[in-house]
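Q: So you can see what is in the structure, the chains are spelled out below.
Number of protein chains: 4
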Amino acid sequence: MSNSIGQALRFTLFGESHGPAIGAVLDGLPAGIAIDLAAVQAQLDRRRPGGNALATKRDESDTVEIVSGWREGMSSGGPLCFLIRNSDAHSSDYNADRPRPSHADLASWYRDGGKADMRGGGRFSGRLTAPVVAAGSIARQILLRRGIEIGAHLLRIGDIEDRPFGEPVEAQRFGALAASYLPVLDEDARARMQERIEAARASMDSVGGAIELACVGMPAGYGEPPFDGVESALSRWIFAVPGVKALEFGAGTRLARMKGSEANDPIAMAEGKPLPAANRSGGANGGLSSGAAIRLTASMRPTPSISVAQRSVSLSALSDAELVVKGRHDPCIVPRAVPVLEAACALCLLDLAAAFEGRKAFS
Amino acid sequence: MSNSIGQALRFTLFGESHGPAIGAVLDGLPAGIAIDLAAVQAQLDRRRPGGNALATKRDESDTVEIVSGWREGMSSGGPLCFLIRNSDAHSSDYNADRPRPSHADLASWYRDGGKADMRGGGRFSGRLTAPVVAAGSIARQILLRRGIEIGAHLLRIGDIEDRPFGEPVEAQRFGALAASYLPVLDEDARARMQERIEAARASMDSVGGAIELACVGMPAGYGEPPFDGVESALSRWIFAVPGVKALEFGAGTRLARMKGSEANDPIAMAEGKPLPAANRSGGANGGLSSGAAIRLTASMRPTPSISVAQRSVSLSALSDAELVVKGRHDPCIVPRAVPVLEAACALCLLDLAAAFEGRKAFS
Amino acid sequence: MSNSIGQALRFTLFGESHGPAIGAVLDGLPAGIAIDLAAVQAQLDRRRPGGNALATKRDESDTVEIVSGWREGMSSGGPLCFLIRNSDAHSSDYNADRPRPSHADLASWYRDGGKADMRGGGRFSGRLTAPVVAAGSIARQILLRRGIEIGAHLLRIGDIEDRPFGEPVEAQRFGALAASYLPVLDEDARARMQERIEAARASMDSVGGAIELACVGMPAGYGEPPFDGVESALSRWIFAVPGVKALEFGAGTRLARMKGSEANDPIAMAEGKPLPAANRSGGANGGLSSGAAIRLTASMRPTPSISVAQRSVSLSALSDAELVVKGRHDPCIVPRAVPVLEAACALCLLDLAAAFEGRKAFS
Amino acid sequence: MSNSIGQALRFTLFGESHGPAIGAVLDGLPAGIAIDLAAVQAQLDRRRPGGNALATKRDESDTVEIVSGWREGMSSGGPLCFLIRNSDAHSSDYNADRPRPSHADLASWYRDGGKADMRGGGRFSGRLTAPVVAAGSIARQILLRRGIEIGAHLLRIGDIEDRPFGEPVEAQRFGALAASYLPVLDEDARARMQERIEAARASMDSVGGAIELACVGMPAGYGEPPFDGVESALSRWIFAVPGVKALEFGAGTRLARMKGSEANDPIAMAEGKPLPAANRSGGANGGLSSGAAIRLTASMRPTPSISVAQRSVSLSALSDAELVVKGRHDPCIVPRAVPVLEAACALCLLDLAAAFEGRKAFS
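Protein chains in written order, with the numbering used here: chain A, 1099 to 1461; chain B, 1099 to 1461; chain C, 1099 to 1461; chain D, 1099 to 1461.
I should point out that these hints are in silico values taken from the structure, not numbers from a laboratory. Wrong hints could be hidden among the right ones.
Chain copies aren't distinguished; within one or between two, either way the pair holds.
[Unchecked claim] Here are the simulated EDC-like pairs of lysine to aspartate or glutamate, each with C-alpha atoms no more than 16 angstroms apart in a straight line: (1) Lys-1213 <-> Glu-1170; (2) Lys-1371 <-> Asp-1195; (3) Lys-1371 <-> Asp-1418; (4) Lys-1424 <-> Asp-1303; (5) Lys-1424 <-> Asp-1195; (6) Lys-1213 <-> Asp-1195.
Go ahead and model the full structure; you've got the sequences and the hints to work with.
A: Right under this line is the structure:
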């Protein structure tokens, strides 16, 4: 298991769905950085189950308990550790003998011989994204002081599409987007997305979707290519979010169909500075931020936990067997993943900023 | 810059397009592992410029010179370092004052104040993928002894499509695919792709494309989630390949449109073992290999170096300026990226295998 | 701050002396490893303040609270996180304006501008060694199943010396040593050490000492030189223990006075295996374990917290000022450091064992 | 093998004693840093064999060949890779069947089953310190621009002692020390050390010694404790230098005999700044630089390669056997290790400086 990521700002995740608590350690914050815990809690509330009729009925208060590294509104200089208690777990819903299709259950059985604690998905549960959101909120507060803002919306739920961000990205709408459980740019899309999710629930099924994310204000020249270039570093974070199965930067898969003369972003002077005059590259070239907004789209599979009968096996009998998944599940996980992706990006980009600053030691 | 990647098998890349040499260090190979250097050279020849009428006219012999870590056909126990000399560089073609659109030129100028050696793309050049191919060939030789094989084909060049791999993946065709400059499953696609590339060259333009890659024989349960899960670890490698702008696992972006009942891969007994009976997940669930083939599609932007006039700026004058890129460039980089992606995957998966084996120390 | 160490077995430390809790995350344990929590607690009790008349009067129960990664006697497969609550902190004893000589106070002030939480030593407190002991106890349980045992004794308290371990190391005495607050091989030394510590307390002073540690049963050939060779990897851990100021392997500083013919360890057959027939090298050559016991001596400075008046400064007035340290302190920290060093070695050596096993992926 | 070290400034070592070349990659230098290659060569010449009658007769020119990352006197922005060719290797001198006492030979045999290239010590050879010296020279040039200087002298050769550095450290003598093959503060010690080394050679034996090193100008508050605190980070580097068996900071082992009132460094105002008024702690408290000079002493074992007959075994026959080591060896390796330790410290401290600067991203 590789539960740590980041260099100067090191994030270490722990916890399991049905254990006592989940949480994280955020190491690298110097002492004296103002951290608004209410804002952390507000981000957590965006992701929280039980908060919305469209989500799982598992109801967790998801209150952050600071264990170390924070004192009277500021970082204390030591690693910041926080817990989120698990309270509303129904372990009896989990049938360890019948692996759920497209979950980690079967792979985990091969890996650990059935000895892992897989109740509620164990360490693979989407619940483990809560600590990412909490730590990411701290990163966002710091980035914001540097003029860097992150926003996202639902680009797709099943066959329902929102319009993409414009260019330049309309960052003034980030606040309103963050306030909505179904954040969209085209208000008409919201109701139709809601219908689609309710239909999935009604049929004991689930539905996938896609999130478009933008980061504005990132200076040009950040990134540690090749292996921690902007896209590499972000992708490592984003594919760690359960359910993400595709990631596109800028025009993404459409670039494969283009000619160079269509795909290239011209360079032009803007307010005295040379900058890209278009953004099909998604804000990064050669692994370095280009000065344009960082733009990416993450596509997520439908929640694999569905209540219709599915083909599985009995691991004890080694024979085919039918599975009906019990428990409380999200018919669509995508809306709750929006703050998670924002948080993951914030943690990643702040770490790249620290690497950039570190180079000043050499001159 | 982050030029190292991997834990047990650590790859460190060095070199610049117009410097004396490029190369890499591969650290972690125990002594006594048979390494066939002719096979390494053969993989390099697949990627080599000058070998095909469709590629750049830059002609490099790309001969591997072993500096350390290899002796009489075997790894010696120390880090393996090799060089590939640069010989056919035309530095005068590069105009440092006019950044090329959608290249790293402008971002690098912001980062380093114009002090970086950007001739021929400098450290951002696609030429830096040659050491990946060489090291990856060694990893492939080792994986093959464990029954793990990697193959790839051109899924798309511009608007021309090949058919995707079947399920199960037809690994028996990997050898023939690797032998072709334009590897396709549907022979009809090859000629049309060739035409499309030649048309791009004729119009002083370029064209993008997509590569589908499969890895068969990977046991179930490998991967170090969350942050080095199969998708995260592979994506970090693959987005480090210049030009890759989108990455999909399994059904990828199409999963966002599906219902759970459509997307889930049923589990069934096969030859006495429980395994996924479909593979929309692309061979990984929860960051662990599922036992099905690992399947991914990487979409690449068209080569940004095109010879038609483009809008740029003069960095010295800080004014808009027209740019006509000189030099020898690939009208389509995608075919040459096929062995690069295969190599990157091999290096990544072998490192995950070492992590898996390392756990045996605990029991 | 670098609060994480280890590759396959990654240890992340958190907490501050007067914050809510201290603890650690131990990542990399596969599922199903038996972990005896009572044994963990027993090791903690060896280090615990309040347990002995010779130690600080700060009384902490140091009870381990498992947050994740453990279930019904076994590792669950996720990262193991545990907390130890701080309960008996007297924050008013700490005078932030007058840095304590030979403590981190002044350096921290330069680093963080006085914004760090330095109450009780903050993140630099010796209290942070408790999570090392707890995690190390788990590592020791695993090593023991592989026949690897670690023991230590007080080689010196001030001018009072114990005799060193013999060769071969008398591992049969490890149990008795671990049961004593003043573990010595020469029983006569114990009473005299106790007197020396009591004399230090009586004079409101403190006294230093040295610990000799041995690890028996480590197979030959382990270690990841050069930069994680046995000595490098262990030294990084051991110098992280507050108060350690010197580290010697084998004959240590005395080797500098020797001739090669005196210092070399002859090789001879022993029970059918070639092994060192002496151990002046301390069980490692070239960064690899030699097959002999790993032997090291760590020298510790006297506790810098003493109650006699000392020269310091007022940081607010920027003028010289006298300091009288209040609070409850150990007149000799060395006995309590014994289980800490043992634990640090266990964590380090288990990680090297995992690296060794990982190499099997390549053959 | 762990041949990489450092975070922001990452050093990767490669090569074997009798392979084609040795060298290193230094990753993390931004573009445009002036690098004086003549100064690099000058440092290498300090370490070079063949340059002095007291050293091995192996004669290597040790000329640095830059492969990447350097152009016209400046770093180019990519990783700097350089080679040093091996030219004067006598491989026939090495008897693979009879492991040399106190060398890595036997441990390597256990590890790799005799398959490693151990000619001339292979990857364990002291020759691998040459790339450390070359890279370290670059680090020293950069540190010097920040007012940080490193110097060292021979504190001991066998039973011959030099006086230690004074407090404050006499940095004005660093230049003269670096110019001498036997750098000493007390001129009388030099001739006696020379005699002792010549006597060792005459008797086909070797002799150990100790090096005292000081770093002046390091600001207070640098270091990444606990696990990359000043002492931990330096010790990891220094124990990677072959032959080092003990490391002491400040008063080192003598601190174990002291009382706190003797060992503590008072704090006093000096030129308007609060600073330690003594330096028994060796320039670091709690893993942070204290503002005083960093001071350490490394003790080195005598060269294990001696020409008198020694007890060993035949690995093929698995029986005791006598060994007479052939080849050309240093009767005392300590003088040649002086520039190596200086270089290792420079690389380590520059990396800590980058971590310090990186924190500015957070405020």
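Q: Can you name, in rising order, the numbers of the hints this structure does not satisfy?
A: As far as the earlier hints go, not one is violated by this structure.
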